[in-house]
Amino acid sequence: MGETSKRLASAAVLVVLYLFMIFYAGYYYLQTYLILLVGGYVGIKEFYNLADRGDDGKPFRGTGTFFMFLILTFYYFRFMGAQNKFEPPLFFLMHIKYFIPPFDAVPAALLLLFIITFTLQITRRPLDGAIFSVSSTFLGVFYTAVPLGHLMLLLGMGQGIYYIILVSVITFLTDAGAYFGGRWFGRHPAGLAISPKKTWEGYATGIVTAIVSVFIFNAIWENFTHTASAISGVEVFLISVIISLVSVIGDLLESAMKRDAKIKDSGSLIPGHGGMLDLADALLITIPVLYYYLQIKGNLGFQV
Numbered sequence: 003m004g005e006t007s008k009r010l011a012s013a014a015v016l017v018v019l020y021l022f023m024i025f026y027a028g029y030y031y032l033q034t035y036l037i038l039l040v041g042g043y044v045g046i047k048e049f050y051n052l053a054d055r056g057d058d059g060k061p062f063r064g065t066g067t068f069f070m071f072l073i074l075t076f077y078y079f080r081f082m083g084a085q086n087k088f089e090p091p092l093f094f095l096m097h098i099k100y101f102i103p104p105f106d107a108v109p110a111a112l113l114l115l116f117i118i119t120f121t122l123q124i125t126r127r128p129l130d131g132a133i134f135s136v137s138s139t140f141l142g143v144f145y146t147a148v149p150l151g152h153l154m155l156l157l158g159m160g161q162g163i164y165y166i167i168l169v170s171v172i173t174f175l176t177d178a179g180a181y182f183g184g185r186w187f188g189r190h191p192a193g194l195a196i197s198p199k200k201t202w203e204g205y206a207t208g209i210v211t212a213i214v215s216v217f218i219f220n221a222i223w224e225n226f227t228h229t230a231s232a233i234s235g236v237e238v239f240l241i242s243v244i245i246s247l248v249s250v251i252g253d254l255l256e257s258a259m260k261r262d263a264k265i266k267d268s269g270s271l272i273p274g275h276g277g278m279l280d281l282a283d284a285l286l287i288t289i290p291v292l293y294y295y296l297q298i299k300g301n302l303g304f305q306v
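To convert, take the position in the sequence shown, counting from 1, and add 2; that gives the numbering used here.
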């Protein structure tokens, strides 16, 4: 099977799994939580492999992985308690809620992670590489658990499924448009040391592809659901440009980490794509950006 065939086959399987994760509402979206836990585990494992510098500093893998699970669990509880999505299950109301603090537990968990990681560093390892070890442990959790948690927060909104598909369409078609646009029309290098083969024509094609794709997606959504799209008109252009630019930053961020680690791919789990971070790098940034855009929009009195 050729490289392109592998990419297409892997993408087809992942799209089906992704749609199942966000559409199936049985068992209180437990499959969403479990799939994100698996994705988070693979992602943080790949990140810690990138960040391992041996004697010069390396992350505390077990500690970081535990806090990744913990933070995703807090996000899931928060998602389950979202009244604007559905009634919380009886089990949640009767039992689980007593284990949830009466405040946003995620910042508290991140603070606790920093304290524990620093304590482990000064008690179990030499001081050489201390800054790198502590910061890479923290960043691995923040880079994986927080964006995946925001996917659940986005899903918990009134039109969450629409927004998740929207941000996914923009993110992935920006990347696809930039790839093919660069191959077909690329003449002027963007001059980025991180990705020297990227061109301005490729980036422009990616943004245009994203804008057009959202208009097409909205038409399909309205035809199948018989409801108006949550975002239309001028806002389609605005959202598409914002998310496209942010997705480029997300892609370059992971490219920088791989170049620093002197490797081509973050992993080999997904045939034709590499690792989990190779596939989801941009989405890890665009999902939180869209979520907070919608929060600001809602606080200004606009419908979300």
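Calculated from the structure, these hints are not laboratory results. Here the structure is a predicted model, which means the values were calculated and not measured. Each residue gets a CB set at the ideal place from its N, CA and C atoms; glycine is no exception. One or more of the hints may lead you astray.
As the list claims (entries may be wrong) - In silico EDC-like links for lysine to aspartate or glutamate, alpha-carbon gap of 16 Å or less:
1) Lys8 with Glu203
2) Lys266 with Asp280
3) Lys299 with Asp280
4) Lys60 with Asp106
5) Lys60 with Glu203
6) Lys299 with Glu224
7) Lys264 with Asp54
Claimed, not checked - Label pairs and their in silico Cβ distance ranges:
8) Phe116 with Ala263: 41 to 49 Å
9) Thr121 with His228: 52 to 60 Å
10) Asp54 with Leu10: 27 to 35 Å
11) Leu21 with Val306: 30 to 38 Å
12) Lys299 with Thr125: 32 to 40 Å
13) Lys266 with Leu21: 25 to 33 Å
14) Tyr181 with Arg126: 25 to 33 Å
15) Leu19 with Asp54: 38 to 46 Å
Each hint tested on the structure:
| no. | hint | in the structure |
| --- | --- | --- |
| 1 | Lys8 with Glu203 | violated (27 Å) |
| 2 | Lys266 with Asp280 | holds (10 Å) |
| 3 | Lys299 with Asp280 | violated (31 Å) |
| 4 | Lys60 with Asp106 | violated (29 Å) |
| 5 | Lys60 with Glu203 | violated (39 Å) |
| 6 | Lys299 with Glu224 | violated (22 Å) |
| 7 | Lys264 with Asp54 | holds (12 Å) |
| 8 | Phe116 with Ala263: 41 to 49 Å | violated (23 Å) |
| 9 | Thr121 with His228: 52 to 60 Å | holds (56 Å) |
| 10 | Asp54 with Leu10: 27 to 35 Å | holds (33 Å) |
| 11 | Leu21 with Val306: 30 to 38 Å | violated (22 Å) |
| 12 | Lys299 with Thr125: 32 to 40 Å | violated (47 Å) |
| 13 | Lys266 with Leu21: 25 to 33 Å | holds (30 Å) |
| 14 | Tyr181 with Arg126: 25 to 33 Å | violated (44 Å) |
| 15 | Leu19 with Asp54: 38 to 46 Å | violated (29 Å) |
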